[in-house]
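Asks: Below, each chain spelled out in residue letters.
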Amino acid sequence: DVKVTQSSRYLVKRTGEKVFLECVQDMDHENMFWYRQDPGLGLRLIYFSYDVKMKEKGDIPEGYSVSREKKERFSLILESASTNQTSMYLCASRRARGLPNEKLFFGSGTQLSVL
Amino acid sequence: AQKVTQAQTEISVVEKEDVTLDCVYETRDTTYYLFWYKQPPSGELVFLIRRNSFDEQNEISGRYSWNFQKSTSSFNFTITASQVVDSAVYFCALSTNNAGNMLTFGGGTRLMVKP
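Chains as they are written, first to last, in our numbering: chain A, 1 to 115; chain B, 1001 to 1115.
I should point out that these hints are in silico values taken from the structure, not numbers from a laboratory.
Do not rely on the hints blindly, as some may be mistaken.
[What the hints assert, rightly or not] Taking lysine to aspartate or glutamate pairs in the DMTMM-like style, the calculated list, with each CA pair at most 25 angstroms apart, reads:
1. Lys-3/A to Glu-102/A
2. Lys-1003/B to Glu-1026/B
3. Lys-57/A to Glu-1056/B
4. Lys-1070/B to Glu-1044/B
5. Lys-1003/B to Glu-22/A
6. Lys-71/A to Glu-1044/B
7. Lys-1003/B to Glu-62/A
8. Lys-1003/B to Asp-38/A
9. Lys-1114/B to Asp-1055/B
10. Lys-57/A to Glu-79/A
11. Lys-1038/B to Asp-26/A
12. Lys-57/A to Glu-1026/B
13. Lys-1114/B to Asp-1022/B
14. Lys-3/A to Glu-56/A
15. Lys-1070/B to Glu-102/A
16. Lys-3/A to Asp-1086/B
17. Lys-1003/B to Glu-102/A
18. Lys-13/A to Glu-1044/B
19. Lys-1070/B to Glu-1015/B
20. Lys-70/A to Asp-38/A
21. Lys-1038/B to Glu-22/A
22. Lys-55/A to Glu-1044/B
23. Lys-71/A to Asp-28/A
24. Lys-3/A to Glu-1044/B
25. Lys-55/A to Glu-79/A
26. Lys-1038/B to Asp-59/A
27. Lys-13/A to Glu-79/A
28. Lys-71/A to Glu-102/A
29. Lys-18/A to Glu-102/A
30. Lys-1038/B to Glu-102/A
31. Lys-1038/B to Asp-28/A
32. Lys-70/A to Asp-1086/B
33. Lys-57/A to Asp-1029/B
34. Lys-3/A to Glu-62/A
35. Lys-1003/B to Glu-56/A
[Claimed, not checked] Okay, the calculated bits of chain B under chain A, using three or more residues with CB under 8 angstroms as the criterion:
36. 1040-1046
37. 1103-1113
All residues carry an ideal CB built from backbone N, CA and C; glycine is no exception.
Just chain A, with the same shape it has in the complex:
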């Protein structure tokens, strides 16, 4: 089974801190994604990566950056955390072959609270 692992389930940070959210997948998937989930808004795409060292902005990239130095790892960075970034963050991966029919595999999410 594909496994997508997010480093933390819960995280509490202070305003202005630099925050790293890590995601690792073990199925050699080319595509990886970071979503933000807020009540009533569903999942909104922050950034995605087609492959190593490639990244593309999603719908709400402001205040975030990403890094993909290795195929299995995709990191989301909050350069200076703000209270409006308090949210559930979900990482997902997908193989590229067969797009757009391919399903996503998700991690369990990181609930980030910025105080």
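With chain A held as given, fit chain B onto it using these hints.
Replies: Coordinates of chain B only, in the frame set by chain A:
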């Protein structure tokens, strides 16, 4: 632009009742793919089903069934004889070639099944 609407934000039923979760989508593409995901309290979204736009056959899997109707741009999900373990947030999503193969998610429907 593509859009997915799940008008029901929250549904509460008693165990053994049937329940239908609505999903309405918008896209200008003639080829597209529809998905349903389940998010239990553990947080990880789990893939349930995908349909392509050329296949309007309804599908049944155990207590789950899906009704795809292109004429009304709907892809509704019915759970028959609901159980407490069905309690979760359910997301409908849409993917097309012309949207960069990105998934657009609806806002989600929280289903609560009471014993």
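Asks: Of the numbered hints stated earlier in the document, which are not met by this structure?
Replies: Those not satisfied are hints 3, 4, 5, 9, 19, 20, 29, 32, 34.
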